[in-house]
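Hey, can you work out the whole structure from these sequences and the hints?
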Amino acid sequence: MDVNEKIKHIEQQIESAVADVKSSKSLQEIKMRFLGKTGEISSLMKNMRDVPPEQRPSLGKLLNALRQWTEEKLDNLESGLKEIELKRKYAEEKIDVTVPARDFPDGAYHPNTLIRNELVSIFAGMGFEIFEGPEIENDYYNFTALNTPKDHPARDMQDTFYLAEDLLLRTQTSAGQIRVMENKKPPIKILSPGKVYRSDDDATHSPMFSQMEGLVVDRGITLCDLKGMLDEFAKKIFGENVKTRLRPSYFPFTEPSVEVDVSCFECGGKGCRLCKGTGWIEVLGAGMVNRRVLEGCGINPDEYTGFAFGMGIERIAMLKYGINNMKLLFEGDTRFLKQFKD
Amino acid sequence: MKAPLSWLKDYVDIDVTAEELQKKLFGCGFEVEELIQTGKDISGVVVGEVVECEPVEGTHLSVCKVDCGSKGTFQICCGADNVKKGIKAPCALAGATVYATAKDHVTVEGVMTIKKGKLRGIESEGMLCSGAELGVNGDMFPGGDYCGLLLLPSDSVNGEDVKPILGLDDYIFDIGVTANRPDCQSIYGIAREVSAVLGKKIKPLDLSYGEVKGGCEKIKITDLAPELCPRYIGHCVKDVKVSDSPAWLKRKLALCGLRSINNIVDITNFILLELGQPMHAFDLRTLDGREVIIRRAKNGEKITTLDSNEFELNSENLVICDSKKPVALAGVMGGLNSEIENDTKEVLFESAKFARDNVRKTARALGQHSDSSALFEKGVNEYTTETAIRRALNLICALKCGTVTDMHIDITTEYSNLNEKELKADVNKINALLGITVPADKMRAILESLNFGVRQDGNILDITVPRYREDIDGYPDIAEEIIRMYGYEHIKGTFLPSASITNGGFNDEQKAENKLKDMLVGKGLYEISTYSFYSQKDLDMLRFPEDAPERKAVKILNPISEDLSIMRTTLAPSMVNVIVRNLRRGNTEGKLFELAKIYLADKLPLSTFPEERQMLCFGMWGAYGFFDLKGITEAVARSLNTGFEYEPAEKPFLHPGITAKITCEGEEIGYIGQLAPTVAEELAVDRPVIIAELDYEKLRKHAKPFRYSPIPKYAEVQRDLALVCARDITCGQITKEIYSACKYVTNVKLFDVYIGIQVGKDKKSMAFNVTFTPKDEPIEDKIDGYVKKILNNLKYKLDVTLR
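The listed protein sequences derive, respectively, from chains G and V.
Take the first sequence: its letters are residues 1 to 342, numbered as in this note's numbering.
Take the second sequence: its letters are residues 1 to 803, numbered as in this note's numbering.
These are computed hints drawn from the structure, not numbers from a lab.
There could be a bad hint or two in this list.
[What the hints assert, rightly or not] Once the Cα atoms are required to be at most 20 Å apart in a straight line, the calculated SDA-like pairs of lysine to any residue come out as:
no.	chain 1	residue 1	chain 2	residue 2
1	V	2	V	18
2	V	515	G	118
3	V	698	V	611
4	V	361	V	310
5	G	82	G	18
6	V	517	G	120
7	G	276	V	36
8	V	511	G	295
9	G	236	V	495
10	G	150	V	357
The structure presented is a predicted model; accordingly, all values stated were derived computationally and were not measured.
In structure tokens:
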């Protein structure tokens, strides 16, 4: 068989091989058979050395044309097949995107942690450090140093759990104030969150709850500064339009003492169920630090003044999230907990 | 503190409405917690005169013609036994509202609206009323408790509203008085505030009385406990005529919820309300030796108080005695043996100051509380002690029910303080505290309206404090008096213009805590918060033996209930309780954590501060098993850049085969395990519950700061080792030995466990993926040697072979 015939034969072989090729995989085999290193076209090329030198250029041309023709043919076929195959694959792999997601359930912080962190970040920005005192206190830190001597009627304001003659569960985070002032000289700006305990148990009282106490002692601190700081707090926690109102009150460790109300963020002050029709909601107690308290901690009250404020974290949480029963906070019911995504 | 508007009007010309006064009081620190309107349910009841009255035969009824003046004349059917021609009675016309009473004619069952109707076929156009139907008792208005018609004075005008006549147009302010103002636990004290806030003069009390010289046998008073009774005043009244009190007195007591007893007792109660000074009246006949001794009770001494309760006393209780026996529990209640009787002829009035904490302790210890003890606990001032006795004598004269003698004994002890308090306040300092400028003149006017004496010397105010204001103690108190009257609305927010800059925020510990919580919440856990106390029963539930360290819990001396009586020593019982509660409520699965303190006493009973130790407790139930929770504890270790080790262990409440002790660098820091089936069954828990508890404070000490370690220059090499060993060899043991045999091993991961005949009885196969990380040179060609070393070590230590 001369070369021309051989070329023709190969062409025919290729035509018939590709006639019933169905997949890109079998096409690949055909490619190898004809175009591979040991493929039929390559072996023809190798035979060139047996051809007389004068015929070689024309033969070379023919063979190159054959190779080119084959490559083009098979490449075209391949891209067509690949397209079909891809379409089939897509069709097979198509999913129902409306099927529910595989869940990575979220966890949740306790509402107290959320409020605590929110408060801390507000006051941290104003330069407050965080101080956490012990929950078990002695009479001195919880009462006496806070200007509440033994016979003081204010002790009745808070029913105290006693653990020993002189040891008790702190009734207020204010106890921590003293520990700070004993060890640190002004300027003082601290925030003291923590658990406190009172012998009280009903729908609005829990024997354990959390407070956040703030204390500022420095030169020239005024009641207006207290008001300014609380305005800022109220806006950040309850909303830009919320206002605060001070009204006289009494705490042994502050003088003057005030009760602080915020304008009702639910009704905007018109009066609703949340604010019991008054337009105001009581949120915290505050006042200018009593001179005796400063003195007791070795701070000269003629040089320094200060203010303190204390709020119930649960109360803020209940107001902010609309929780109507304090008990829910301590029950650990997952249907309650899972709602508190930050 | 209840203050009727009508009573306040006795001292101050109040020309604003009750609601306005409520607002003003609120602004100056006296919150009216409730504004009670007397007769608020009664309307449309007028004075009616019975002009005709005919009995209806065969019934108890009478048909009356009732003249209601301008309202008209009506036919009314009436069943009262005191209805007759000529009387005047409250007449409820159609549309009026009155109280519906039960069959006893006394018990109020609701409010009813009067309609025209027929009684036994007879037309009736309204109703003639009893006191009960109008909410009036005998103390409020004479005849108010009679079970028939309430008879009105004959000069009442027909057709006029009965409410002003019966005092049903009054308001009672229920005021919350802060603990610093015991002087305002009285009508007169509130009246002082009202006068200041309205800018009106207050009418002085009438303290005048005439006394008769001589004619009174000597009385001896001895104060043996001056620390508990700083001042005691006694005054003797003779020719006493015990009788009913006049209507005005009864009515005042009734408005404040006190029952009238007799004129002498009523005088003491009136003064208790008016001045806040509890008083007592002794029948002098009953005082042996005409002697009063104030002393601490003897241990075991007994007294029976006016309400017939007997108490056994001790030396912490103060008693008033005669020469032989206790006759009153000082400040709490008088003795039954010395009470005023109808035939009492000679009375000793007592007005005293008793130490507030002692009265409180006695009232609490004995469970005997009274209006008197409540006032003494809040604090009575000695100025009022003196005023009260004079007021009592004034009332004796006014009521003409006795002769005031000159037998007056005033015991003033070294614990007594009668000096007028004077202080200087600098106007500038007051303004500096407030942060605003209140003019000096304004300050002065405010203080004077509150009865302070003020002399102004430039910026200095020389202030004399009213003797009843024991709370005033320095210029900040004066600042408060000024701002509460000047108005808090003047305080405008400023932002620490003078304060130093400080650097705020969380400290490292708090940041670490937040980071940990972030991680746990990110892993799908919910944070819980539970009470710091529970009971020994909760420890029983988890089967802690009697001698377990967890049983050494700090006790609360005065718990709310047994269920909340000890401070917790482990968080596990709280966690188990929360899980059980969730399961009972149908919450079939969950993952929880709590970071909270436990309280560990050095020794019990507690004598010094116990240790407060933060613990981290986990609980998972439902769809989760041991290894899910272990995944969380491992994540905790990773977050601290450390590692935990687990060895089989036992806990009384955990499954003995599914419990591990957790250690960190050789130190035990907690446990993890599945709730024992026995405990679970008892709690009706039908799903696996996994609990872990870590000592957070120990853990924190193992935390390593994060440091970058350089990426190895040469590629890591991994090898899989399928090993065969005895069944009881643990993954942990093998892992530890693999690490210890070769320093290049950086990770050992179990990926398969097989138990079956192919590896032989009592044996198991475990397959590990071991990572070797080269340090300074490639180790590829040395791996075979390392593996050999590892296998030799395993064979030698644990009899483990290659499969």
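Hints the structure violates: just list their numbers, smallest first. Number 8 - this is the single hint that the structure violates.
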